[in-house]
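Construct the complete structure from the given sequences, taking the supplied hints into account.
Number 198 in my numbering belongs to position 198 of the sequence shown; there are no gaps in the numbering.
Hints were generated in silico from the structure; no laboratory data involved.
Predicted model only: the values in this text are computed from it and were never measured.
Don't take each hint at face value.
Stated by the list, open to error - Below, in silico cross-link-like pairs of lysine-lysine (PhoX-like), each with a Cα-Cα straight-line distance of 20 Å or less: (1) Lys39 <-> Lys301; (2) Lys39 <-> Lys110; (3) Lys241 <-> Lys165; (4) Lys241 <-> Lys21; (5) Lys110 <-> Lys22.
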Amino acid sequence: MSRPFSDLMHAWLYGDGGYYKKARIGTQGDFYTSVSASKFFGGTLAFYLLGLLEKGLLTLPLSVVEMGAHGGELLGDVLSFLRALSQGVLEQVEFVSVEPLEELRTLQQKRLAQMGSNLRCVASPLDLNIPPTQSVFIYNNELWDSFPCELVRPGAQLFVDAHFKPFWHEASYTQEGCMPHWEACISALLNALEKTKAWVLVSFDYGQYGARDAIDLRGYFQHRVFDFEEILSNLNELYQKIDLTYDVDFQRLESLINQQGAHTLFYGTQSLALVRMGLPQLLELFGAHMPFSTYQKEAFKARALLDPSALGERFKALISASFTTT
1 MSRPFSDLMH AWLYGDGGYY KKARIGTQGD FYTSVSASKF FGGTLAFYLL GLLEKGLLTL
61 PLSVVEMGAH GGELLGDVLS FLRALSQGVL EQVEFVSVEP LEELRTLQQK RLAQMGSNLR
121 CVASPLDLNI PPTQSVFIYN NELWDSFPCE LVRPGAQLFV DAHFKPFWHE ASYTQEGCMP
181 HWEACISALL NALEKTKAWV LVSFDYGQYG ARDAIDLRGY FQHRVFDFEE ILSNLNELYQ
241 KIDLTYDVDF QRLESLINQQ GAHTLFYGTQ SLALVRMGLP QLLELFGAHM PFSTYQKEAF
301 KARALLDPSA LGERFKALIS ASFTTT
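Following this line, the structure appears as structure tokens:
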């Protein structure tokens with residue numbers, strides 16, 4: 001029996017034996033993220049959040065929500081920096097993870113428990129159930145490029161048969177590319193958020209503003225990159241063994257979010273976003289309270305977050321909110 005590529009991709013990443021149930025991230029893993037580069041990525045999110053609280057754009061009590069937290073490393077970094085940078089805030093913060101995989105929910109809760117904090121986990125944005133008296137700070141890193149997508153070209157859509165043989169089937173598409181299934185998640189998320197007092201959503205991902213008009217599906221295994229043709233030619237051999245991803249079209253993502261009544265506060269490179277969110281000030285604050293050797297080591301790691309040849313330019317940020325000014 002044949003199925004669209006998105007069904008195969010869902011089973012590949014999230015099904016029994018799926019890649020994300022055993023994914024390895026970081027310098028020793030299959031791919032490298034901002035989280036594995038520096039704890040100051042999470043620190044900057046915490047610093048930015050505290051700035052929003054100072055300005056009164058968000059208020060306590062507050063829910064801090066991560067979508068797609070994997071092992072909970074970024075959640076832990078945000079928690080650590082909130083604890084270090086503020087007084088009386090954590091007592092009024094609820095940490096929440098939106099995570100479809102039970103194995104990862106358990107891992108995330110264990111990590112935060114070791115840090116002395118509770119974590120409420122839900123499988124879907126439909127289950128967020130945040131009280132209307134609370135503000136929400138919600139963030140994600142490399143979430144949107146992990147959604148199953150359709151692979152399309154003018155007049156056709158990719159299907160895969162029971163023997164992992166790909167074939168093109170007639171369909172009414174007019175352009176070539178990857179078409180992620182974001183709509184249901186965004187609708188559920190924004191419906192949950194619109195009931196709250198105020199909210200900010202920060203998304204970091206690899207991509208650009210506008211469609212590429214090309215199929216840029218690729219895979220990662222031990223830092224080796226597999227292109228679309230390699231994946232297509234070896235579906236059976238690579239199934240559930242490598243990560244699958246694609247470039248995020250931030251124009252489409254922004255449009256889907258704003259159609260639900262949100263406002264865009266920022267779109268641009270990760271480097272510019274982190275600078276505006278306060279990374280330089282945070283590093284300066286850190287340097288004033290730590291030995292110079294420690295500061296030098298951490299500042300060097302944080303540089304990868306801003307470096308155009310590393311993560312700074314290739315990754316983009318979209319900040320959306322229930323309000324229009326910062």
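Subject >> Violations among the numbered hints, reported as their numbers in ascending order >> reply: The structure breaks none of the hints.
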